[in-house]
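Just need the whole structure built from these sequences, with the hints factored in.
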Amino acid sequence: MHISEIGFCSGHSASGVWVDEQARTTIPGLYAVGDMASVPHNYMLGAFVNGGIAGADAAAYCAATSLPEYDAGDLLVEQERVLAPTRRADGLTPHEMEFKTRRFVNDYLEPPKVTAKMELGQRRFAEIREDLDHLCARDPHELLRALEMQTILDCADMAAAASLYRTESRWGFYHLRTDHPETDNRNWNCHTVLYKDASGRMAHAKRAVDPFIVPVAAAEMGAYHQLRVKTPAAAE
Amino acid sequence: MPIITQAKSAAVVIDDEKCIAEKGCRVCVDVCPLDILAIDERRQKAYMKYDECWYCMPCEVDCPTNAVKVNIPYLLR
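As you go down the protein sequences, you meet chains A and B in turn.
So the first sequence is numbered by my numbering: it starts at 1 and just counts up by one.
So the second sequence is numbered by my numbering: it starts at 237 and just counts up by one.
What the hints contain is simulated information worked out from the structure, not anything from laboratory work.
In this text, a Cβ means the ideal position worked out from N, Cα and C, and glycines have one as well.
Hints are not guaranteed to be accurate.
Okay, the calculated beta carbon distance ranges per label pair [said to hold, decoys possible]:
1. A:89 with B:285: 41 to 51 Å
2. B:251 with A:138: 35 to 45 Å
3. A:138 with B:290: 19 to 29 Å
Derived contacts from chain B toward chain A, CB cut-off under 8 Å, selection only [claimed, not checked]:
4. 237
5. 271
6. 286
With a Cα cut of at most 20 Å, we get these calculated SDA-like pairs of lysine to any residue [claimed, not checked]:
7. B:244 with B:311
8. A:117 with A:167
9. B:285 with B:313
10. A:100 with B:287
11. B:285 with A:129
12. A:196 with A:129
13. B:244 with A:117
14. B:244 with A:206
15. B:285 with A:143
16. B:285 with A:145
17. B:285 with A:93
18. B:244 with A:95
19. A:206 with A:17
Structure follows, in structure tokens:
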């Protein structure tokens, strides 16, 4: 277990990969399952069912899809990116880089969320990204951890960007912003989606919330507003 | 690169007398979801190679000779 697990990893926070009922992501043929997609945290039976549904749908997709042409050059570039940590005899261990990334998530992104702190965090994450050229793996297990560490850094960047985009507070302590302490249903009663724009940079969009399948009484919708969470004074 | 190792009780301890890795057994290595167990090529015995145990226990339960012991951390005992 790691220091920044709560409120950071998708499924343990108000975030995750967008999927439909068959666990399809928005990229055809790519699936996301478990608590990084639509299964609640620690819901093991739900994870098994979700995995079964995704597997069956993926198998049907594969049976109906022939392998596309691909660019051999692209493959070489990706191979080199994946294997780069094994080409270095000296540098930073995956554990060191993962720990620093998670430590900064704790220090800069955890609620109560402060805009200036999150922007500082983004700069510190960029510094870690520059250090990826020093990431070093001595065997296949360490290479696995080296690749996972890079994904965790991506998650940290996404968490910072998504938190800054939503300029309100919602879900009690989960998204409590000291400089936007009020819930703003007029502008933010929606999902927010991160995607890559044409230049490959992170971009934001809003997505409407679908009507609930099971109706929820208005009286039950207020739970997050009855939490006795103190709103700290803005620090900046 | 220069690496420092800090003393810490191993989470997964293998009894070399009971371990039958030399006969080709790989049960504990195969069931570990964290990929932390390995076979010492020289001694032909299983051992805990990476300090990343999640204490899920299948290595201890599935070992055909009861050679594996998982020690719950002192902090939680």
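For each hint, the structure was consulted:
Checked against the hint of 41 to 51 Å, the pair residue 89 (chain A) and residue 285 (chain B) fails, with Cβ atoms roughly 20 Å apart. Between residue 251 (chain B) and residue 138 (chain A) the C-beta distance comes to about 28 Å, which lies outside the given range of 35 to 45 Å. Distance hint check for residue 138 (chain A) and residue 290 (chain B): the Cβ-Cβ separation is about 22 Å, which falls inside the suggested range of 19 to 29 Å. For the restraint placing residue 237 (chain B) at the interface with chain A, the shortest Cβ-Cβ distance is roughly 4 Å, inside the 8 Å limit, so the hint holds.
Among the interface hints, the one on residue 271 (chain B) holds; its C-beta lies about 5 Å from the nearest C-beta in chain A, closer than the 8 Å criterion. Here the hint on residue 286 (chain B) is kept, as its CB sits about 6 Å from the closest CB of chain A, short of 8 Å. About 13 Å separates the Cα atoms of residue 244 (chain B) and residue 311 (chain B), which keeps this hinted pair within 20 Å; it holds. Between residue 117 (chain A) and residue 167 (chain A), the direct Cα distance comes to roughly 15 Å. Compliance with the 20 Å bound is thereby established for this hinted pair.
Proximity of residue 285 (chain B) to residue 313 (chain B) is assessed by CA-CA distance (about 23 Å); at most 20 Å being required, the pair is judged violated. Restraint check: the Cα-Cα separation between residue 100 (chain A) and residue 287 (chain B) comes to about 18 Å, which is no more than 20 Å; the hinted pair holds. Between residue 285 (chain B) and residue 129 (chain A), the direct Cα distance comes to roughly 28 Å. Violation of the 20 Å bound is thereby established for this hinted pair. Proposed proximity of residue 196 (chain A) and residue 129 (chain A) is supported: the alpha carbons are some 18 Å apart, at most 20 Å.
Pair hint residue 244 (chain B) plus residue 117 (chain A) does not hold up; C-alpha atoms about 36 Å apart against a cutoff of 20 Å. This hinted pair does not check out: residue 244 (chain B) and residue 206 (chain A) have alpha carbons roughly 49 Å apart, beyond 20 Å. With a CA separation close to 15 Å, the supplied pair residue 285 (chain B) and residue 143 (chain A) stays within the 20 Å bound. In summary, the hint linking residue 285 (chain B) to residue 145 (chain A) is supported, as the alpha carbons are separated by about 14 Å, within the 20 Å threshold.
At roughly 16 Å between alpha-carbon atoms, residue 285 (chain B) and residue 93 (chain A) fall within 20 Å of each other, so this suggested pair holds. Distance hint between residue 244 (chain B) and residue 95 (chain A) is fulfilled; the C-alpha atoms sit about 17 Å from each other, no more than 20 Å. The suggested pairing of residue 206 (chain A) with residue 17 (chain A) holds, with an alpha-carbon distance near 15 Å, which does not exceed 20 Å.
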